[in-house]
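Visitor: Each chain, written out:
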Amino acid sequence: MAIEVRIPTILRTYTDGAKAVEAEGATLTALIDDLEGNHPGIKERLIDNGDLRRFVNVYINDEDVRFIGGLDAELADGDQVVVLPAVAGG
Amino acid sequence: MTRFDSLLESVGGTPLIGLPRLSPSPDVRIWAKLEDRNPTGSIKDRPALKMIEQAEKDGTLRPGATILEPTSGNTGISLAMAAKLKGYRIVCVMPENTSEERRQLLRMWGAEIVSSPAAGGSNEAVRVAKKIAGEHPDWVMLYQYGNEANALSHEEGTGPELLADLPEITHFVAGLGTTGTLMGVSRFFRKTKPDVRIVAAEPRYGELVYGLRNLDEGFVPELYDATLIDSRFSVGPRDAVRRVRELLELEGIFAGISTGAILHAALGQAAKAVKAGEKADIAFVVADGGWKYLSTGAYEGTVDEAEDRLDGQLWA
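Line by line, the protein sequences give chains D and H. If you're matching positions, the first sequence starts at 1 in our numbering and goes up one per residue. If you're matching positions, the second sequence starts at 1 in our numbering and goes up one per residue.
In isolation and in its complexed conformation, chain D is listed as follows (with noise of 0.2 angstroms):
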């Protein structure tokens, strides 16, 4: 199960400058486990106690986790994920 996940500048440094890599899982605490074991350091960045950091948002086919689940959240085959770093709009 192949799920694309993009990646913000800032984190390139755990894909060796890769943009967007592959990875697997049917919830995202699962795929981010499966980062993790390509991508040593990642996992840590991304999640604080447990729970996402603050200013980190992951969106599945554009849809912010948060309101679908959460680390709970349920991935298909061929979506899409995104982590981007919470910035202010207005």
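Mixed in with the good hints there might be a few duds.
Simulated DEER-style distance windows between Cβ atoms [unchecked claim]:
| id | chain 1 | residue 1 | chain 2 | residue 2 | range |
| --- | --- | --- | --- | --- | --- |
| 1 | D | GLY17 | H | GLY301 | 41 to 47 angstroms |
| 2 | D | PRO40 | H | MET108 | 50 to 56 angstroms |
| 3 | D | ALA18 | H | ARG21 | 28 to 34 angstroms |
| 4 | H | GLU112 | D | ALA2 | 28 to 34 angstroms |
| 5 | D | GLY17 | H | SER295 | 32 to 38 angstroms |
| 6 | H | GLY146 | D | ALA18 | 44 to 50 angstroms |
| 7 | H | GLY134 | D | LYS43 | 53 to 59 angstroms |
| 8 | D | THR29 | H | LYS130 | 21 to 27 angstroms |
So these bits of chain D aren't anywhere near chain H, every CB distance computed over 10 angstroms [as the list claims (entries may be wrong)]:
| id | residue |
| --- | --- |
| 9 | THR9 |
| 10 | THR15 |
| 11 | GLU24 |
| 12 | ALA30 |
| 13 | GLY37 |
| 14 | GLY50 |
| 15 | ASP62 |
| 16 | GLU63 |
| 17 | ASP64 |
Some chain D residues close to chain H (C-beta under 8 angstroms, calculated; not the full set) [what the hints assert, rightly or not]:
| id | residue |
| --- | --- |
| 18 | ARG6 |
| 19 | ILE10 |
| 20 | ARG12 |
| 21 | GLY41 |
| 22 | ARG45 |
| 23 | PHE55 |
| 24 | TYR59 |
| 25 | ARG66 |
| 26 | PHE67 |
| 27 | LEU84 |
| 28 | GLY89 |
Hints are computed from structural coordinates only; laboratory data are not their basis. Using N, Cα and C, we set each Cβ at its ideal position, and we do this for glycine too.
Starting from the structure of chain D, add chain H where the hints point.
Guide: Just chain H, lined up with the frame of chain D:
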């Protein structure tokens, strides 16, 4: 009411327009709240005026004072108009990757502009403004990201107007920037019609804008309360441009690029309702008109070309 004693009195009371061609069926209808009909042409007239009135009331804003505000444009333009009429000086901190039209308008309304670096977008504008505020303790930073009067203007204005014009409303969709519109309208509906689903459309910019030095520099507006939102979507420039063009092509409405992102999320909700066989009346915000963004190149050529031109720009 169509007669007012001054321009400031005429803020709000904007029309709600049905979109028969973009609505998927008679049971699932989409409605546009035309906030470009406000005095300076954007929804920001509501929070700007409310923040000034509140600051005058509580004594932080006195005659002759200098207002300071980090803004990507519209809030600054609204504040500058009110400041001109009320006799305040205003300094706006604005990211340098914002459209030229916004700068010209700000200058016309008498604002002084301090540019903040493009990389980091509005985060940098907030950081620079906070630094300047520290150097000028007598200046008044209204601070739209943390000022409750911002959300209150929508709780008292936008929300009640929507309910009066569309009692059958099922969804409200707006852009997520300061979060003021969504927080205020949601508070109103949670009290009066709690079944209304509150949907946020967040613009997704090019990489430059997310170029933070570290993740701790991230920013979540102090106003933001996630429990007041039911779903949140990230919309990139391609979908925003496509939708803003459809809005003009099919319904004749010429809107700013961020409105394309909001419409995209609204249409997503409409498609869900159709699939579920549910009735829906979905109201979304037209935050401003397209005039201020013509120079971005979003309205000409192919969608691919427009997407390329918007890369790195703060288009919402």
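Visitor: Over 10 angstroms from every CB of chain H: does ALA30(D) meet that, or does the non-interface label fail?
Guide: 22 angstroms, holds
Visitor: Please test the hint of 28 to 34 angstroms on the beta carbon pair from ALA18(D) and ARG21(H).
Guide: Violated, at about 42 angstroms.
Visitor: Does the nearest C-beta of chain H fall within a distance shorter than 8 angstroms of the C-beta of LEU84(D)?
Guide: For LEU84(D), the interface hint holds, since the closest Cβ of chain H sits about 6 angstroms away, which is under 8 angstroms.
Visitor: Non-interface claim for ASP64(D): all C-beta distances to chain H beyond 10 angstroms?
Guide: 4 angstroms, violated
Visitor: Is the interface hint satisfied for ILE10(D)? The criterion is a beta-carbon contact with chain H at less than 8 angstroms.
Guide: 6 angstroms, holds
Visitor: A closest beta-carbon separation below 8 angstroms is what the hint needs, so does ARG45(D) meet it against chain H?
Guide: 7 angstroms, holds
Visitor: Do the Cβ positions of GLY17(D) and SER295(H) conform to the proposed distance bound of 32 to 38 angstroms?
Guide: At 33 angstroms between Cβs, range holds.
Visitor: Answer holds if the nearest beta-carbon of chain H is closer than 8 angstroms to that of ARG12(D); otherwise answer violated.
Guide: Violated, because the Cβ-Cβ distance from ARG12(D) to chain H comes to roughly 10 angstroms (cut-off 8 angstroms).
Visitor: Tell me if the beta carbons of GLU112(H) and ALA2(D) are separated by a distance inside 28 to 34 angstroms.
Guide: 52 angstroms, violated
Visitor: Is the hint on GLY41(D) kept, meaning its closest Cβ partner in chain H is under 8 angstroms away?
Guide: 13 angstroms, violated
Visitor: Grab the minimum beta-carbon distance between GLY50(D) and chain H and tell me whether it stays above 10 angstroms.
Guide: 17 angstroms, holds
Visitor: 21 to 27 angstroms was suggested as the range; check whether the CB atoms of THR29(D) and LYS130(H) agree with it.
Guide: Since the Cβ atoms of THR29(D) and LYS130(H) sit about 36 angstroms apart, the hinted range of 21 to 27 angstroms is violated.
Hint check: violations occur at hints 1, 3, 4, 6, 7, 8, 9, 15, 16, 17, 18, 20, 21; the rest are consistent with the structure.
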